[in-house]
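Asker: Generate the whole structure from the sequences, applying the supplied hints.
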Amino acid sequence: MIPEIGHFALILALCVAVVQGTLPIYGAAVGSSALMSIAKPAARGQFILVLLAFCCLGYAFAAKDFSVLYVAATSNSHLPLHYRLAAIWGAHEGSLLLWTFILTIWMVAVTLFSSHLPEAMRARILGVMGLVSVGFLLFMLTVSNPFERLTPAAADGRDLNPLLQDPGMVMHPPMLYMGYVGFSVAFAFAIAALLGGNLDAAWARWSRPWTTVAWCFLTVGIALGSGWAYYELGWGGWWFWDPVENASFMPWLAGTALIHSLAVTDKRGGFKVWTVLLAIMAFSLSLLGTFLVRSGVLTSVHAFATDPKRGLFILVFLAVVIGGSLLLYAWRAPRVGLGGGFDLVSRESMLLANNVLLVVAMGSVLLGTLYPLFLDALGLGKISVGPPYFDTVFVPLMTPAIFLMGIGPIAQWKKASLPELAMRLRWAFGASVVTALLLPFVLGKWTPLLSLGLLLSLWIATTTMVNIRERVSHLVGNSLMSCLAALPRAYWGMVLAHCGIAIFIVGVTMVKGFEVEKDLRMNVGETATIGGYTFRFDGTQEVKGPNYLAARGIFNVTRNGQDVTMMYPEKRRYYVQNQTMTEAAIDSGLLRDLYVSLGEPLEDGAWSVRLYHKPFINWIWGGCLTMALGGLMAVSDRRYRLARRRERQEEPEAIRSEDTSVA
Amino acid sequence: MKRFLLPLVIFVVLVGFLAVGLTLNPREVPSPLVGKPAPAFLLPQLHEQDKTFSPSDMAGQVWLLNVWASWCGGCKEEHPVLMRMAKAGEVPIYGMDYKDRRDEALTWLRRHGNPYPLTAVDEAGRIGIDYGVYGVPETYVIDKQGVIRYKQIGPLDDELVAKTILPLVQELRNK
Amino acid sequence: MRWFAFILLLIPAMVQAEEAKPLAENSVAEARLKQLAVELRCLVCQNQTLADSNAPLAEDLRREVREMIAKNMSDQEIIDFLVQRYGDFVLYRPPWKASTTLLWIGPFLLLIGGAITLVMALRRRGQGLADAPVTDEERRRVEQLLSQVERRS
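Chains as they are written, first to last, in the working numbering: chain A, 1 to 663; chain B, 1 to 175; chain C, 1 to 153.
Covered by chain C, according to a simulated footprint, are these stretches of chain B (three or more residues, beta-carbon under 8 Å):
hint	stretch
1	30-38
2	131-143
Mimicking EDC-like on lysine to aspartate or glutamate, the simulated pairs with C-alpha atoms at most 20 Å apart in a straight line are:
hint	chain 1	residue 1	chain 2	residue 2
3	A	Lys518	C	Glu25
4	C	Lys34	A	Glu517
5	A	Lys512	C	Asp52
6	A	Lys518	C	Glu18
7	B	Lys99	C	Glu59
8	C	Lys21	A	Asp519
9	B	Lys99	C	Asp60
10	B	Lys99	B	Glu123
11	B	Lys36	C	Asp80
12	A	Lys512	C	Glu39
13	A	Lys518	C	Glu59
14	C	Lys21	A	Asp538
If you're looking for bench data, these hints aren't it; they were derived computationally from the structure.
A quick note: this is a predicted structure, and the numbers were derived from the prediction, not measured.
Backbone N, C-alpha and C define an ideal beta-carbon position, used for all residues, glycine too.
Answerer: The following block contains the structure:
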């Protein structure tokens, strides 16, 4: 009964979505307030209905209802409750429901935080989101129904893939989807602006917080995915340029370009047409990612089970949504004016250059990901494009972008002078180069890439310090602390986000430069030393989990004779799918990770063991989280909170809060 | 004006490729050995262990080499097709038992029937690597000069046999 | 009794922690295997390297590569061996060929294209706009506002 209620709720939601996607947009075109006011209640209604459907599916999982095909395929009676619930998004159909649910969450957020928007704009935004929702609901109701019944009901389910029975499964997909779907808001803003013909700085100001929050979620989502792969897969890798990973990275690159472009449109009224195109691109890449993961066109460990019908549906949907928006763009964009002028050397042009580099990087990732498909489609053979290609191509593209990160924030708007900028940055440049060249020697090993990585992160750090110092020196009087506190949160957000990138680069550089791996055959009582730490293997014991049986290794770790920790890697065999999984033991620290993973049992109780010492690896995810925090901080700037109040204030007040930063 | 159409044009081309991509199988690895001489080997036979088999034994004939194993599900699927082909006798099919155990292979043939005049045994899988085998069953069509002319990845079915394999065999025979 | 105590004392010495041996027999060869295997594809997996995969075929191929290293074959010879049998699909670093030229120079072309478009767009923009001159009235107003700001901060 409950699954049928859920199914019916989706059907109703589709009807509401159709109404939401058509009437308000039509109403905005003809100026009918009655039609436009349908948008808000429709969006909220959809939220309630999809929430109901989501809860029905959750109930089916919690109650172990194996008469529902989806539950039988992804759950099991021995699966703990929290994983049974996470299994809602464990496979294709349920993850689509999660996608749609999150879309309705963003719709409701728009209804709650859009009172300052003109009615027509809000109607169009919700209308566009409604149309996207129509696509997903239709998809679910036709070829991907999560509520399909299995008759006769299965006695027990096929269990969730053991790789997914992990806290990462609980957090990573929702965060990622919040990001993907969040870009639909920026997309809807762009389409609304094209439809209404009012593309101005105000539009950019409204669109910014939505885009930044979505970007934060996507950053966290990708970081979680990477961290999860690191500790789950057992061989210490954290990024493979796998097609599905790339599918999440491309919207991120476009999104990063978008938030910078929006900043310029907001502050200076420039780049309007380009910003709109980027907004369309970012969401298009989200949809493209959805297609790539579910259609079976590319091979990936992350891909969902495939079915050509599903692939075709998404492709048609993609063609309609993106093709339609690009057509609208081609029609309306030429009418949009140019906005403020600026010189060849200015903050605007540097931001534009940063955008170009990010988009070219995104294009290269797309090229590498789809190239095997291109060649196969043309009958030119089958190739693989993997990390060697992407690493070779990505680093040279990002290096100038990071270099610009140091110069852009201190360059003046409209017109800047290169010699003057060079003067202001000479100390930062010199210090960075010298330290980057010498530090590897101090650390024990010198390679060009090591120096480059250190140079880039030091460059960001030193130029940021120069920037802060210059900003503070422009504020008259009082202590340093109060001057720093007087700087707007949006500025600190930028500083934090850029430093996040520096932290990330340090992590990647140090890990790739200094990580050590040892593959050993360990008998009970034997020791091995790696990175200064001594590991003693004290044998294994058998451990029973809720739905698995494990051999747990016991490792005693010491350093210079002092006890550091005990580590317990496991080799688990999950009963239902009869899969063996390696559960690595990781001792995390600020400056290093120790990683132990069991291989195979050998004779006499010995085991093949893999030990890793990975310096600074947590800086990779720490950097990503810092970036996301920076984004959140920027969004919490007084400017947005006082947006309504400011409308009524006089100009001088507006000028005082108007600062010379990008943030 | 035209530059605003550029994104749309690029997108349409992309969709075209993706549509074609839906009809392809990204996991299929076509063999670079088609058109090249079949790699030489000398393997023991399954039934008569003191005898050996080598592709050079088949010089002057057009024949099929079918790589199979008792643990392989797809092999069970295609076996009736092979049995029918063997009965019709249009082309000899020689088997290669890949990474298998002898007793299990013998039992399997006894249970499902033996379409092969003989089966060679590649226990370690080395010859399989020489032939670019990555997933059984795989079938090779080899001509009179010992050159591989066709490789089927995955189970054979009647339609494929009738439309592709047998006509090719006929063509190679007439050369 | 004394000799029994003596033997007891010896036991810790006999059970002294021993250094574990590397899994591979030849660590130099193993390092070379790792370097090669990280760039080779496991053909039966869903996108994993030959180094990381536990599939039977992957183990077989690693064994083959180890033997080729032992025979002192060069990296290129080993790669050629595998490509002869499995095609370019087995390489994660796409070879430089006519069909992959666009792949390798594509990013570079995109960069040049982007740079040219950028410069052209900036030039077009510069031509399309003329600076609006500031009138005296506006100048006075600006000075008034600026002095207000200074007084407040």
